[in-house]
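Protein chains: 2
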Amino acid sequence: MRRKSRSTKAKGISAAAHLDHPFAPQRIFSDDRIGDMHDLALKVLEDLGMKVLLPEAVEVFAVAGARIVDDMVFIGRDMVAGALASAPRQVLMAAPNRARDQMIAEGRLLFSPGGGCPNVSDRIKGRRAGDLASYRDALRLMQSYDVIHKLAPAPEPQDVPTHLRHYAMVKSQLELSDKPLTIYGRGRAQVMQSFEMIQMALELSDDAFAGASWCSTVVNTNSPRLLDRPMAQALIDFARAGQLSIVTPFCLAGAMAPITIAGALVLQHAEALAAITLTQLARPGAPVLYGGFGSNVDMKSGAPAFGTPAHIQMSIGSGQLARHIGLPWRSAAGAASNTNDMQAAGETHMSLWGAMMGNANLVFHTAGWLEGGLTFGFEKFINDIEALQTLSQLCIAPDDSDDALGFEAISEVKPGGHFFETKQTMARYRTAFAAPLLADLSNFGSWSAEGSVPSDVRATEVWQGVFRDYRAPDACSDRASRIARFIADGTAKGGAVIES
Amino acid sequence: MRRKSRSTKAKGISAAAHLDHPFAPQRIFSDDRIGDMHDLALKVLEDLGMKVLLPEAVEVFAVAGARIVDDMVFIGRDMVAGALASAPRQVLMAAPNRARDQMIAEGRLLFSPGGGCPNVSDRIKGRRAGDLASYRDALRLMQSYDVIHKLAPAPEPQDVPTHLRHYAMVKSQLELSDKPLTIYGRGRAQVMQSFEMIQMALELSDDAFAGASWCSTVVNTNSPRLLDRPMAQALIDFARAGQLSIVTPFCLAGAMAPITIAGALVLQHAEALAAITLTQLARPGAPVLYGGFGSNVDMKSGAPAFGTPAHIQMSIGSGQLARHIGLPWRSAAGAASNTNDMQAAGETHMSLWGAMMGNANLVFHTAGWLEGGLTFGFEKFINDIEALQTLSQLCIAPDDSDDALGFEAISEVKPGGHFFETKQTMARYRTAFAAPLLADLSNFGSWSAEGSVPSDVRATEVWQGVFRDYRAPDACSDRASRIARFIADGTAKGGAVIES
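From first to last, the protein sequence lines stand for chains A and B.
In terms of our numbering, the first sequence opens at residue 1 and continues consecutively.
In terms of our numbering, the second sequence opens at residue 1001 and continues consecutively.
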C-alpha cells in the first residue's frame, strides 16, 4: 500500500516536489539468483579486474591493498564489503532553496530531467547544436515544474569554450533555479572551481558544504570494465568533498555488455561496485548512489533501444541488486525516437514504468530526451512532464474517509442520474482531479473546429508560456552575483581546462 | 516474481497468445477499507436498490426473494453471497481455434482490442462512420497479432441494417479470424440467433456449446444503479446458455459516480454485484466476469479523461475488490486524444499500466481507441500493439541460467571492448530481443535522409502490409460457409430486430 505523501510546507511548492514510491518493488530474479549475481560480480572484480586510467585512482586502490598489474586493478571482495559497509544508506541532496532538499533513500522517488544532450530542438527554431541560450531556457523549464527534483546538464552550451563552460553552467543554474545543482566531472580544476562557486554563492561554511551534497555528478564507467581519467578523478574529488557521485555503468545488452539481462546486470554490478569502492577508499562514508542505465541494442543495426522489455527488466533487476547491497539507486528513462511522435511518448512511458517497478530512487532522463539523448526537445519535455505529474499524483493515497466512500452521495442520486450536484461533489470538485497540462479532452468536433491541434503543437504553446511568464526565484540573483567576481577573475586567468 | 510463461505448442502461435501477469497486484486501500467498501456496496443494494427495466429480470429477482417496489429491486446480502458462492473462479473462453482458448482466472492476463467505436479512422481515408468493410479490416488487424486475445466489435458496421447486423458481424468474425468471438447483447432474438450461428459454424453439440463460453458480451450498467432492458436480457440469456457476460459499470468519477475514487468504486461494486447476482439466479455457476471501467471526468468541461491518476487508481482498487470477492475481472485502457499524437500514446500507456498494477485478467480497449472510444484508429492500433508486445515480453522471465549470468562472456572481452562476437552473443543474437514493430531506432541523420517519417506514418505502412498479405486461417471459410444458409433464411424472414 502506498504511503502518504510527505507534506511540503514551503509556500509555492507542491506535493509533487517530494515523492515516495506508491508501488512495491518488483522482482525478475529470485533472491538466490540475485545473490549469485552479486557473487559473480565480485569474482569479475577479483579475477578479471577493472582497467583504471587515472594513476591517482590506481594508487588509492593499491594503498588499500588491491592487486595491481599496470593499469588493471583487481579488487578483492573484502575491500568491496568494506566499501558497502561505509557507503551511506541515505544521501541528503541539498538545494539552494532548502525547501527543495531531497533525502535520497530507499522508498524515495526523484525525477531528473533529460541530461547530457549535445543538441536541442523545438518546433519554432528546429534542431540545432545546444548553446547557452537554450541551456538557460531548459533550466527555466526544469525550474517550472515541481515534479522535476534536480537540474540536469542539457542541452550542452557548446557556444561557450570548454575551459569556461563550468562558469556559465554553474552561474546559469544559480541564476535561474533554486533546485539541486549538477556539475560535470571533467577534471579536478573544473570540479574544484565549481565547488568553490557553489560554496560562495550559497554562503556556506566549509563544514556546511561538506555536511551535505550541494551538487551531484554522474560517473559513467566505460563498459566493459574501464574507468577513465575524468570519471575516476570525479569519484575521488566528489568523495573527498562530501559531494554526490551517481555511479552509472551504461550497459547496453548485446553491445558493451553481455546479450542477456542477467549478464548485463552482472557486468553493471561489478563496475558499480568498483566505482563505489573507490569513493569509499577516498573517503569512507562519502555520498554515492548505486546506478545503472541498462537497455538493449537492436541486434540488426546495433542501435540503442529504449522502453523495451530489456530496458524495463534491467531497471527491475538493478533495483533488486541495489536492495541486495542496501544502497539507494538511480535508474533512467529514455527514448530513441527522432521526433515528438507516439514512439517517443511510448518509449518514455514504458521506461518510466520500468523505473517505478524497480523502485528507482532517482530516475534520470525523465523529460525532454529524444534520439537516445542526443537532443533535448522542449515539446518532448512538456509531454513528459504530463507523465511525471500523473506518476506523482499516484504517490498520494486516495481519500478513504467515510465521506469519500460516498454512501450519502450515492443515496442522493436517483438511478440513471448524475453526481454533478451532490454535496460531496460540490465540496470537492475544485481539487478532486488535477487539470491536465497538455491533454486536450475536447470532443472531435470541438477539436477540429479549433484547428485539429495535436499535442506537440500544444506543447509549443505551453513552453512559450513558461518563458513568457518566467521569473526566477527571488534569491537567485543574489546567489549568482556572489560569484561574478570569481568568474571574472577565473576567466582572466584562463579558466580551467577540462580533462579527458 | 514472474511466473514462467505458458508454452503454446500450436504451430504459428507465439508465446504472446497466453500470458500470466508478471507483477504482483498493488493496493491503494487497506484490506480493511476494501472490506468496508464491499459492505457499503451491499448496503447500497439492500437499502437503495437497483432500477431494473426488464420485467423478466425483476421477476427473476422476485422469485429469489428480493424486495421489489415497481421496477426497483432491493437485493439482500444473502442473495449476493449466494451468487458469489456459485459464480465460477475461472472461465474457459473457447476459440474456434482451440489453440487460442483462454482460461480467464486470477493471474491470467488477456488483452482485448478497442471495442464499441462508431467511427473509424486511418491516414489514407480519414475519419468516417464505421462500415462493414472497415470492421472486416479491423478483424484482420485483430487476428494478425497474437497479443490480441479475443475479438472486439469495432468499428461498428453502420452500413448494415441493425436487424441484420448480427449476421454480418458473426459471419465476418468466423470468416476472418479464429480467435474468441464477441457478440452484442441487443435483445434475445439477435443473441439467440448468434448462439445458433456459432454452434452451427463450429459444429458443436448442445453439450459442447454449453460447456464453454464460445462467445462473450459486455454488459454495461447505466450508472448509477440502473440496469436497462437489453443488458438485463443479455445477463439472463448468456447465463442460461453458459456463455460469458463481462459485467462492466462505466463509473466516471464526478459524473455518473461519486467524485471520489473510493465512492466511485463503491457504486461500481454495487452495480457489478447486482448484475453478477442476476446471472447466478438465472443459472447458478454461469460464467461471468467482475468488471469496471472507471476514470474521472474533467471537472471544468465534464469530458471523460483516460490514463489519469484516477483511471489508474480505479483499476488498482477494482482489482482489490475483485480479489476480495474471489472473481477474475476485466479492466480497460483508453485514450481521449483525437489524433495519433503523444497524448494518445501516453493515455493508453498509462492506463495499460494501471491494468497491470491492478492485475486485471482481461483488459479492454487496449489497441486502436481514440476519442474516448468514438473512433477505432488503424495507426493507433499498430502503435498500441507495440505497447502490448512489450508488456507481453515482460511476462516471460529472463534467462537466469549460469550461461546467462555471463561470467564467461565477460571474461572474453577486454576492458573497453564489445560483446558482439562473444560465444554467448553468437548463440543468442537472433532471438535475444524482439524486433520493434513500429519504433525506428535509426539515428537522426539516417532518419532525416529517409524522409523524417514519424511513427503514425510508419504505422500506416504496417497496417497496409497486414492487409496486403492477409490470409485468413485455413478453417475459416468452412466455418463461415456453414452458416450461409441460416443467414440467407434469416434475412429473408426479416432478421432480428434489436431491443433497446
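Calculated directly from the structure, the hints in this document are not laboratory data.
Since the structure is predicted, the reported quantities are computational estimates derived from the model, not experimental observations.
Where is the CB? At the ideal position from N, CA and C, for every residue including glycine.
Be careful, since some hints might not be right.
[Unchecked claim] Covered stretches of chain B, going by a simulated chain A footprint (3 or more residues, C-beta under 8 angstroms): (1) 1021 to 1033; (2) 1104 to 1114; (3) 1150 to 1159; (4) 1213 to 1222; (5) 1302 to 1316; (6) 1446 to 1460; (7) 1465 to 1472.
Tested hints:
1. Counting residues of the stretch 1021 to 1033 of chain B whose C-beta lies closer than 8 angstroms to any C-beta of chain A gives 9; at least three are required, and the coverage claim holds.
2. Residue count for the stretch 1104 to 1114 of chain B with a Cβ under 8 angstroms from a Cβ of chain A: 0. That is fewer than the three needed, and the coverage hint is violated.
3. Judged by the Cβ-Cβ criterion of 8 angstroms, the stretch 1150 to 1159 of chain B is not covered by chain A as claimed, because only 0 of its residues qualify and three are needed.
4. With 1 residues bearing a CB less than 8 angstroms from a CB of chain A, the stretch 1213 to 1222 of chain B misses the requirement of three and the coverage assertion fails.
5. Check result for the stretch 1302 to 1316 of chain B against chain A: holds, 10 residues qualifying (beta carbon to beta carbon below 8 angstroms, three or more required).
6. Note: the stretch 1446 to 1460 of chain B has 7 residues with beta-carbon separation from chain A under 8 angstroms; the three-residue rule is met and the coverage holds.
7. Counting residues of the stretch 1465 to 1472 of chain B whose beta carbon lies closer than 8 angstroms to any beta carbon of chain A gives 0, which falls below the threshold of three, so the coverage claim is violated.
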